[in-house]
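Residue numbers (the working numbering), protein chains in the order written: chain D, 18 to 299; chain H, 6 to 300.
Some hints here could point you the wrong way.
As the list claims (entries may be wrong) - Straight-line C-alpha distance at most 27 Å; calculated BS3-like pairs for lysine-lysine:
| hint | chain 1 | residue 1 | chain 2 | residue 2 |
| --- | --- | --- | --- | --- |
| 1 | D | Lys120 | D | Lys212 |
| 2 | D | Lys96 | D | Lys151 |
| 3 | D | Lys212 | H | Lys11 |
| 4 | H | Lys105 | D | Lys286 |
| 5 | D | Lys262 | D | Lys73 |
| 6 | D | Lys80 | D | Lys262 |
| 7 | H | Lys11 | D | Lys122 |
| 8 | H | Lys137 | D | Lys262 |
| 9 | D | Lys80 | D | Lys243 |
| 10 | D | Lys243 | D | Lys151 |
| 11 | D | Lys262 | D | Lys243 |
| 12 | D | Lys286 | D | Lys212 |
| 13 | D | Lys122 | H | Lys17 |
| 14 | D | Lys96 | D | Lys286 |
| 15 | D | Lys96 | D | Lys212 |
| 16 | H | Lys17 | D | Lys120 |
| 17 | D | Lys96 | D | Lys243 |
| 18 | H | Lys11 | D | Lys120 |
| 19 | H | Lys105 | D | Lys24 |
| 20 | D | Lys122 | D | Lys96 |
In short, the hints are calculated from the structure, not lab data.
This structure is a prediction, so every number in the text was calculated from the model and none was measured.
What follows is the residue order along each chain.
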Amino acid sequence: MSRTITKTLLDGIAYAFLIIGALTMLIPFIWMISVSLRLPAEQFSRNIIPDPVTLKNYSDLFKDLPDNAFIYLTFNSFKLSILSVIGQVLTCAMAAFVFAIVKFKGRDFLFALLVATLMIPPQVSLIPDFIIFKYLHLIGTQWPLILPAFWGGAFGTFLLRQYFLTIPRDLVDAARMDGASLFDIFWRVYMPLSKPAVAALSIFVFKDAWNDLLHPLVYLPTDMQKTTLTVGLAFFQQQLQAGGKFTVLMAGAFLSIVPLLIIFFIAQKQFIEGIALSGVKR
Amino acid sequence: MDYGLKPLGREKLWLWLMLVPTLVGLAFGTIGSLFATLGLSLFDWDLINPPTWVGTENYAALFQNENYIEAFTNTLRFSALYVPGVVIISLLLAVLLNRKIRGVGIFRTIYFLPTVTSAVATALVWNMIYGKETGILNFMLEALGFAPICWLCTDHAMMSVVIVNIWGAIGEGMIIFLAGLTTIPRDYYEAASLDGADNFQQFFRVTLPLVTPSIFFQTLISAINAFQAYDYIYMLTRRGQGDSSVPVAVYSIYRNAFHFFRMGDASAQAIQLALLVGVFMAIMFWWERHYVVYE
Numbered sequence: 018m019s020r021t022i023t024k025t026l027l028d029g030i031a032y033a034f035l036i037i038g039a040l041t042m043l044i045p046f047i048w049m050i051s052v053s054l055r056l057p058a059e060q061f062s063r064n065i066i067p068d069p070v071t072l073k074n075y076s077d078l079f080k081d082l083p084d085n086a087f088i089y090l091t092f093n094s095f096k097l098s099i100l101s102v103i104g105q106v107l108t109c110a111m112a113a114f115v116f117a118i119v120k121f122k123g124r125d126f127l128f129a130l131l132v133a134t135l136m137i138p139p140q141v142s143l144i145p146d147f148i149i150f151k152y153l154h155l156i157g158t159q160w161p162l163i164l165p166a167f168w169g170g171a172f173g174t175f176l177l178r179q180y181f182l183t184i185p186r187d188l189v190d191a192a193r194m195d196g197a198s199l200f201d202i203f204w205r206v207y208m209p210l211s212k213p214a215v216a217a218l219s220i221f222v223f224k225d226a227w228n229d230l231l232h233p234l235v236y237l238p239t240d241m242q243k244t245t246l247t248v249g250l251a252f253f254q255q256q257l258q259a260g261g262k263f264t265v266l267m268a269g270a271f272l273s274i275v276p277l278l279i280i281f282f283i284a285q286k287q288f289i290e291g292i293a294l295s296g297v298k299r
Numbered sequence: 006m007d008y009g010l011k012p013l014g015r016e017k018l019w020l021w022l023m024l025v026p027t028l029v030g031l032a033f034g035t036i037g038s039l040f041a042t043l044g045l046s047l048f049d050w051d052l053i054n055p056p057t058w059v060g061t062e063n064y065a066a067l068f069q070n071e072n073y074i075e076a077f078t079n080t081l082r083f084s085a086l087y088v089p090g091v092v093i094i095s096l097l098l099a100v101l102l103n104r105k106i107r108g109v110g111i112f113r114t115i116y117f118l119p120t121v122t123s124a125v126a127t128a129l130v131w132n133m134i135y136g137k138e139t140g141i142l143n144f145m146l147e148a149l150g151f152a153p154i155c156w157l158c159t160d161h162a163m164m165s166v167v168i169v170n171i172w173g174a175i176g177e178g179m180i181i182f183l184a185g186l187t188t189i190p191r192d193y194y195e196a197a198s199l200d201g202a203d204n205f206q207q208f209f210r211v212t213l214p215l216v217t218p219s220i221f222f223q224t225l226i227s228a229i230n231a232f233q234a235y236d237y238i239y240m241l242t243r244r245g246q247g248d249s250s251v252p253v254a255v256y257s258i259y260r261n262a263f264h265f266f267r268m269g270d271a272s273a274q275a276i277q278l279a280l281l282v283g284v285f286m287a288i289m290f291w292w293e294r295h296y297v298v299y300e
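All chains, please: the whole structure from these sequences, using the hints.
Below, the structure is given as structure tokens:
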């Protein structure tokens, strides 16, 4: 009897904390949307529900920013994020397959070396990479953001290898009996069977590329036709705030997170399982 | 590990072809660049004139450089506030969500949102929320009878930046801890409650010891993220000339390399950051050997 009372009481306390916390998490998003739907004169109003509601800020984003900047920024972010996903999935999967399935000299050493690079902070590679790309005359182009996606990576390789190891090895032997080559086994057996892990990695890579600020800031010119949404928004922050146009800025901020929100709501399961996979089965 | 498919004949070539991208990445992206940065830190180079050898002078200069000392101290202060904040809050969240209550899925989604969305976009709205005269945070404080705070001025900027960074990170921590909590067998709790342990005793005697692998992992990840924190700090505290009111180590590296083109100084700072990560990892792995309970 007293146990059920304690349980109800504790559940009540748990709910109270969870709801207060959830509101704290949500308020910035609610405020962003709220401000984006206001008239500029109302930008500092304390009412959550805008009066009147207007979509003008969203159309201003496309009309008022010079030279279709917002469209270019969005296009560039999509282009770079999708190329990063393709590069990472392909190159990490190839390496993961070799490390998980094939027997060769030096395998365990190479894999340990790769995993050890997880500890190297990315800022360490930034300076030499910048110098290399400078000598290749690629600073100011999008290549320094695309090429590194095609040279594999410890995190993606590790994640996919973990998954490949769970696939029954009888399948490899069966495919071998049918005369399948190494690459066939990779491409026709392992890749189709690993869709959940590939989906999880794709989402992570897309998210990181879409949200990346440091690399576009270093490599791309502050030219709204060449750079990404993150740099563009950071740039417009100074201009629009000075011009008192928080409403347009919030419209831009909200539109910039919409693609990830959509992906997240569709693929929440893969997202969360991917994080759990990287954390538990070390 | 003794398993393994044997490559036949020309497949040896295929094997290495499939590894080429990864090997290129090791050479240019990670291991190679670690050595390159180490080498660069021994030169003075502005990318225009030829580099000049200065030995360890760049490192010695770091200890004289007030800006760098400030940045490095800020990184340590930031980490000391951020890491415990993320670990404790996300663990408590996970424990609350691990109770069999309704709406767990919705809560999980809400807490996870900031992890998905870009720091740049959310920092723009945090900037408004923190506004001194116009922000809603000060409006709420005043409504409760407190004096308004200049959230992003020098005195409070560190705290404000830490709050936003924690806000952005607890979703991921919560998932790690939820995954860890589900591996604890239910019988343990039943046995503990048969022995008369109340909820708090169960938390400290059963949950906490068995979740140490997740605490270890999350502390490690949070600390690595803390040493590299950049996006929110850039968006909330930047001033002209690449300066900031809360300059951290990454900020200093970025500014020296790409504003002042002092490649040597920036490299020495990057190496010091890598050393910080290395030392911290060593401490953590020592701690893991002694205190982390794996089943």
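Now the hints, each set against the structure:
no., hint, in the structure
1, D:Lys120 - D:Lys212, "holds, 24 Å"
2, D:Lys96 - D:Lys151, "holds, 22 Å"
3, D:Lys212 - H:Lys11, "holds, 25 Å"
4, H:Lys105 - D:Lys286, "holds, 19 Å"
5, D:Lys262 - D:Lys73, "holds, 12 Å"
6, D:Lys80 - D:Lys262, "holds, 14 Å"
7, H:Lys11 - D:Lys122, "holds, 11 Å"
8, H:Lys137 - D:Lys262, "holds, 17 Å"
9, D:Lys80 - D:Lys243, "holds, 19 Å"
10, D:Lys243 - D:Lys151, "holds, 17 Å"
11, D:Lys262 - D:Lys243, "holds, 24 Å"
12, D:Lys286 - D:Lys212, "holds, 13 Å"
13, D:Lys122 - H:Lys17, "holds, 11 Å"
14, D:Lys96 - D:Lys286, "holds, 25 Å"
15, D:Lys96 - D:Lys212, "holds, 22 Å"
16, H:Lys17 - D:Lys120, "holds, 10 Å"
17, D:Lys96 - D:Lys243, "holds, 11 Å"
18, H:Lys11 - D:Lys120, "holds, 5 Å"
19, H:Lys105 - D:Lys24, "holds, 10 Å"
20, D:Lys122 - D:Lys96, "violated, 38 Å"
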